[in-house]
Amino acid sequence: RKEVEQDPGPFNVPEGATVAFNCTYSNSASQSFFWYRQDCRKEPKLLMSVYSSGNEDGRFTAQLNRASQYISLLIRDSKLSDSATYLCVASGSNFGNEKLTFGTGTRLTIIP
Amino acid sequence: NAGVTQTPKFQVLKTGQSMTLQCAQDMNHNSMYWYRQDPGMGLRLIYYSASEGTTDKGEVPNGYNVSRLNKREFSLRLESAAPSQTSVYFCASSERDRNTEAFFGQGTRLTVV
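First to last, the sequence lines map onto chains A and B.
With the first letter of the first sequence counted as 1, position 11 gets the number 11 in our numbering; the numbers rise by one all the way through.
Convert by adding 112 to the 1-based position in the second sequence; the result is the number in our numbering.
Just so you know, these hints were derived from the structure itself, not from any lab.
Check each hint, because a few of them may be wrong.
[What the hints assert, rightly or not] Below, computed lysine to aspartate or glutamate pairings styled on DMTMM-like, alpha-carbon distance capped at 20 Å:
{"hint": "1", "chain 1": "B", "residue 1": "K121", "chain 2": "A", "residue 2": "D39"}
{"hint": "2", "chain 1": "B", "residue 1": "K183", "chain 2": "B", "residue 2": "D150"}
{"hint": "3", "chain 1": "B", "residue 1": "K121", "chain 2": "A", "residue 2": "E43"}
{"hint": "4", "chain 1": "A", "residue 1": "K2", "chain 2": "B", "residue 2": "E207"}
{"hint": "5", "chain 1": "A", "residue 1": "K2", "chain 2": "B", "residue 2": "D138"}
{"hint": "6", "chain 1": "A", "residue 1": "K45", "chain 2": "B", "residue 2": "E207"}
{"hint": "7", "chain 1": "A", "residue 1": "K2", "chain 2": "B", "residue 2": "E171"}
{"hint": "8", "chain 1": "A", "residue 1": "K42", "chain 2": "B", "residue 2": "E213"}
{"hint": "9", "chain 1": "B", "residue 1": "K169", "chain 2": "A", "residue 2": "E3"}
{"hint": "10", "chain 1": "A", "residue 1": "K42", "chain 2": "B", "residue 2": "D168"}
{"hint": "11", "chain 1": "B", "residue 1": "K183", "chain 2": "B", "residue 2": "E213"}
{"hint": "12", "chain 1": "A", "residue 1": "K45", "chain 2": "B", "residue 2": "D150"}
{"hint": "13", "chain 1": "A", "residue 1": "K45", "chain 2": "B", "residue 2": "E191"}
{"hint": "14", "chain 1": "B", "residue 1": "K121", "chain 2": "B", "residue 2": "D138"}
{"hint": "15", "chain 1": "B", "residue 1": "K121", "chain 2": "B", "residue 2": "E207"}
{"hint": "16", "chain 1": "A", "residue 1": "K42", "chain 2": "A", "residue 2": "E56"}
{"hint": "17", "chain 1": "A", "residue 1": "K45", "chain 2": "B", "residue 2": "D168"}
Starting from the given sequences, assemble the full structure and let the hints guide the process.
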């Protein structure tokens, strides 16, 4: 079982729709969580960090449920420019050294 | 502002050849990482280095060696390339503290024939 699991998709949704991604992690010692965005043939870039209290950045909302060990990302009013692969990341502590573990990514295509 | 710089961007190797992928960051980060990305497999950690002088194996270390030359540079070496090592390789760096962003290089597309 992978440490971080995501539905690979693809998710094809119409412009303006709301889309939600979930991600589960197996290492209960994980301390920090993130969503990264990766465009085709580009490097991943940070979309947002995920906090226990939940956090929102414009049309994007991230939630963390430590008890169930899952992370979610909600995109409202989706735009064509949101088409990308979204990577869930858990940061696990290994003797005090943070190690970033990525999920396989969920591919999203916004349809005009 | 360079951030994380990887070289080369593209490389074709013959089976059995060796090469070193170079990575340098100018953000004074302690932690550096090497990942490989394959279709359907996501980003898999090869090696990481929490600080200068230390390295640790990740999920898929076999066939690779690394060297944390100094705080800025973290190189990845393939001693005897195999077709299974055809992949896109990403170097990344971050601060060691939690909740800090990891910055990635632009990637190296390696093909082993």
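Outcome of the hint check:
| no. | hint | verdict |
| --- | --- | --- |
| 1 | B/K121 with A/D39 | 17 Å, holds |
| 2 | B/K183 with B/D150 | 28 Å, violated |
| 3 | B/K121 with A/E43 | 12 Å, holds |
| 4 | A/K2 with B/E207 | 25 Å, violated |
| 5 | A/K2 with B/D138 | 32 Å, violated |
| 6 | A/K45 with B/E207 | 15 Å, holds |
| 7 | A/K2 with B/E171 | 10 Å, holds |
| 8 | A/K42 with B/E213 | 17 Å, holds |
| 9 | B/K169 with A/E3 | 16 Å, holds |
| 10 | A/K42 with B/D168 | 26 Å, violated |
| 11 | B/K183 with B/E213 | 18 Å, holds |
| 12 | A/K45 with B/D150 | 18 Å, holds |
| 13 | A/K45 with B/E191 | 30 Å, violated |
| 14 | B/K121 with B/D138 | 18 Å, holds |
| 15 | B/K121 with B/E207 | 25 Å, violated |
| 16 | A/K42 with A/E56 | 25 Å, violated |
| 17 | A/K45 with B/D168 | 24 Å, violated |
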